[in-house]
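There are 2 protein chains.
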Amino acid sequence: MAVYTHLAAEDLAALIAAYDVGDLVSAKGIAEGVSNSNWLIETTGKQGRGERFILTMYERRIELEDLPFFLDLLDHLAAHGCPVPRTIHDRSGASFRMLDGKAVALIEFLPGISVDHPTAAQAFSVGAALAQMHLASLHFGQSRPNTLDVAASLQTLKSCGEEPLAQIDPALPDYIGKAAELCDQWPSDLPRTVCHTDLFPDNILMLGDKVSALIDFYFACEDSMAYDLAVTHASWCFSKQGTSFDHAIGSAIIAGYESQRSLSDEERAALPVLAQGACLRFVASRAEDWISTPADALVTRKDPMDFARRLDFYRSEGVSAFAAGE
Amino acid sequence: MAVYTHLAAEDLAALIAAYDVGDLVSAKGIAEGVSNSNWLIETTGKQGRGERFILTMYERRIELEDLPFFLDLLDHLAAHGCPVPRTIHDRSGASFRMLDGKAVALIEFLPGISVDHPTAAQAFSVGAALAQMHLASLHFGQSRPNTLDVAASLQTLKSCGEEPLAQIDPALPDYIGKAAELCDQWPSDLPRTVCHTDLFPDNILMLGDKVSALIDFYFACEDSMAYDLAVTHASWCFSKQGTSFDHAIGSAIIAGYESQRSLSDEERAALPVLAQGACLRFVASRAEDWISTPADALVTRKDPMDFARRLDFYRSEGVSAFAAGE
Chain V
2 MAVYTHLAAE
12 DLAALIAAYD
22 VGDLVSAKGI
32 AEGVSNSNWL
42 IETTGKQGRG
52 ERFILTMYER
62 RIELEDLPFF
72 LDLLDHLAAH
82 GCPVPRTIHD
92 RSGASFRMLD
102 GKAVALIEFL
112 PGISVDHPTA
122 AQAFSVGAAL
132 AQMHLASLHF
142 GQSRPNTLDV
152 AASLQTLKSC
162 GEEPLAQIDP
172 ALPDYIGKAA
182 ELCDQWPSDL
192 PRTVCHTDLF
202 PDNILMLGDK
212 VSALIDFYFA
222 CEDSMAYDLA
232 VTHASWCFSK
242 QGTSFDHAIG
252 SAIIAGYESQ
262 RSLSDEERAA
272 LPVLAQGACL
282 RFVASRAEDW
292 ISTPADALVT
302 RKDPMDFARR
312 LDFYRSEGVS
322 AFAAGE
Chain D
2 MAVYTHLAAE
12 DLAALIAAYD
22 VGDLVSAKGI
32 AEGVSNSNWL
42 IETTGKQGRG
52 ERFILTMYER
62 RIELEDLPFF
72 LDLLDHLAAH
82 GCPVPRTIHD
92 RSGASFRMLD
102 GKAVALIEFL
112 PGISVDHPTA
122 AQAFSVGAAL
132 AQMHLASLHF
142 GQSRPNTLDV
152 AASLQTLKSC
162 GEEPLAQIDP
172 ALPDYIGKAA
182 ELCDQWPSDL
192 PRTVCHTDLF
202 PDNILMLGDK
212 VSALIDFYFA
222 CEDSMAYDLA
232 VTHASWCFSK
242 QGTSFDHAIG
252 SAIIAGYESQ
262 RSLSDEERAA
272 LPVLAQGACL
282 RFVASRAEDW
292 ISTPADALVT
302 RKDPMDFARR
312 LDFYRSEGVS
322 AFAAGE
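Protein chains in written order, with the working numbering: chain V, 2 to 327; chain D, 2 to 327.
Chain V with its partners taken away, still in its complex shape (with noise of 0.2 Å):
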């Protein structure tokens, strides 16, 4: 979480005048995105009320080519009533602009906050929209394929290598085996759409119990719907460090998407295996940005040991996990 950029007053105030959006009344760099930087801008606004955006500077990990593919997604999902920032668009129609060789996009700012210790009415309200989002997104009509696959986590799990692995916990290499069984038994036959895939409280923004924002879709990519459901399941359902489950949290997770959308039999079925394939893919991720950040950095590691626990829960607990009710 950083401003990787600096971007000088004066530049600012002439990529704004490529907008309709008035003139620059204020910027402050804001903490937010491990990929990006990201400002908190303001304008005079079109009606000389004042409007504000995030600007967003793409640095490192968005391919340029996924660029569209994003920033229509969130056209499209707002156009179609979800609770996500649209782009703003310039005066000829583009949805990104390119500075100093850097893509740079203008997004709605939406309201809200972020929460901490979600109560049951809003984790209701965070399945609700996860589902609005996946019917909004099957009329999408662009696709991009997962990356971070059950297959890539293993892939990226042996990349680290054993020994790395047991110098971060003795328990992670077991985790190469596991990820083998995920792989044999993933289904491949439930239904499909644009995810968000990475919706942890973080990239949600609340009012009260309402969801007012998703936000930060840029792992988005095609995946079954029941498995964006797990992600979200595993991402906050548990205490931090993946010691303690929330069964409440998690029955007013999927209440709240069931409201929406209904779970078929086969996609309730697969929920235990899912959530380890979610689960897993932030053990590996983690592990491997573990092993290339030096251990005084000053960039926080996170413990991939975290997932690894809500992995082995999932294992252990399988459907009753997923179960109506306290």
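Hints were generated in silico from the structure; no laboratory data involved. Nothing here was measured: the structure is a model prediction, and the numbers come from that model. Incorrect hints may have been included.
Put simply, identical chains are the same to the list, so a pair is met inside one copy or across any two.
For lysine-lysine, the following BS3-like pairs were computed, each having C-alpha atoms within a straight-line distance of at most 30 Å [what the hints assert, rightly or not]:
id: 1; residue 1: LYS303; residue 2: LYS103
id: 2; residue 1: LYS47; residue 2: LYS303
id: 3; residue 1: LYS103; residue 2: LYS241
id: 4; residue 1: LYS47; residue 2: LYS211
id: 5; residue 1: LYS241; residue 2: LYS159
id: 6; residue 1: LYS159; residue 2: LYS103
id: 7; residue 1: LYS159; residue 2: LYS179
id: 8; residue 1: LYS159; residue 2: LYS303
Based on these hints, arrange chain D on the given structure of chain V.
What follows is chain D alone, placed relative to chain V:
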């Protein structure tokens, strides 16, 4: 520039509830301030019209006992018409509160952007705003000594040691002698008031040619008014590395200052020494930070030579650096 502390949304909401500002709508950690964490906060406001604030958490460097001085100063200057953000007081009237053992204050949000390449018209506004602040500060009634004066800077350079200084730049140890000379030449009888002492472009927000806010008063202390003008001159009129001087910007700052408050002959004559002292302060603090920051840290170290070059410029140019016109 960072957000050093994670504040849970629930704790933020509880904090905001202690103020008469409505409900929390949005909170973004912003990349401003080197010694504290800041969030740009939006609330529903008192009359249901959205209001914005800066929430500052004081992380280090700032002594808790100095905080009333800094916050009262903001209120005093704002009440006297200076473009300075007010402190928002809580329902009990307190200007700061404690949260997790750290002091936090809610500060008025003012619009504007920091310029990187000021025009002469902008520089004139900066000088005028500084003089306006000096005149208003005369009636403040509280004081705080300058702990970073020339004597302190000399001491800091000596403490760094000649060998470590030479490792930064072979020329740097010479500045111990130059600092000692400045201490001997330092004027003691110039008009004094509470000064900002750190009015770099970062700490001024502008809308067009006008100053909309002076911010970050956490180095404010009593010193000679002409010294504060010299700090501003030294931080606005040079290229980043201090290799080129823009006389037009310097003249405009002084003309702007004198549009509100005339300099005496003594003050004008003292400017070359005061400006060298201003540069010395940043040479010393940057050298100290450089030596205490590992070379491979992710923090960008600021080169003390950027201000050593400025110091030499003022030393060789004398009063002509401050002459009117081109």
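Right, here's what the structure says about each hint:
For the homomeric pair LYS303 and LYS103, the shortest alpha-carbon distances inside one copy (28 Å) and between copies (25 Å) are both at most 30 Å. For the identical chains of this complex, LYS47 and LYS303 are neighbours neither inside a copy (43 Å) nor across copies (40 Å), given an alpha-carbon limit of 30 Å. In this homomeric assembly, LYS103 and LYS241 come within 30 Å of each other (Cα to Cα) only across copies, at 24 Å, whereas the closest approach inside a single copy is 34 Å. Proximity of LYS47 to LYS211 under the C-alpha cut-off of 30 Å is found in both arrangements, the shortest distances being 29 Å within a copy and 22 Å between copies.
In this assembly of identical chains, the alpha carbons of LYS241 and LYS159 lie at most 30 Å apart only when taken from the same copy (26 Å versus 47 Å across copies). In this homomeric assembly, LYS159 and LYS103 never come within 30 Å of each other (Cα to Cα): the closest approach is 33 Å inside a single copy and 44 Å across copies. Taking identical chains as interchangeable, the C-alpha atoms of LYS159 and LYS179 lie at most 30 Å apart only when both belong to the same chain, with a minimum of 12 Å there against 60 Å between chains. For the homomeric pair LYS159 and LYS303, the shortest alpha-carbon distance inside one copy (19 Å) is at most 30 Å, but the shortest distance between copies (42 Å) is not.
The structure fails hints 2 and 6 (numbered hints given earlier, in ascending order).
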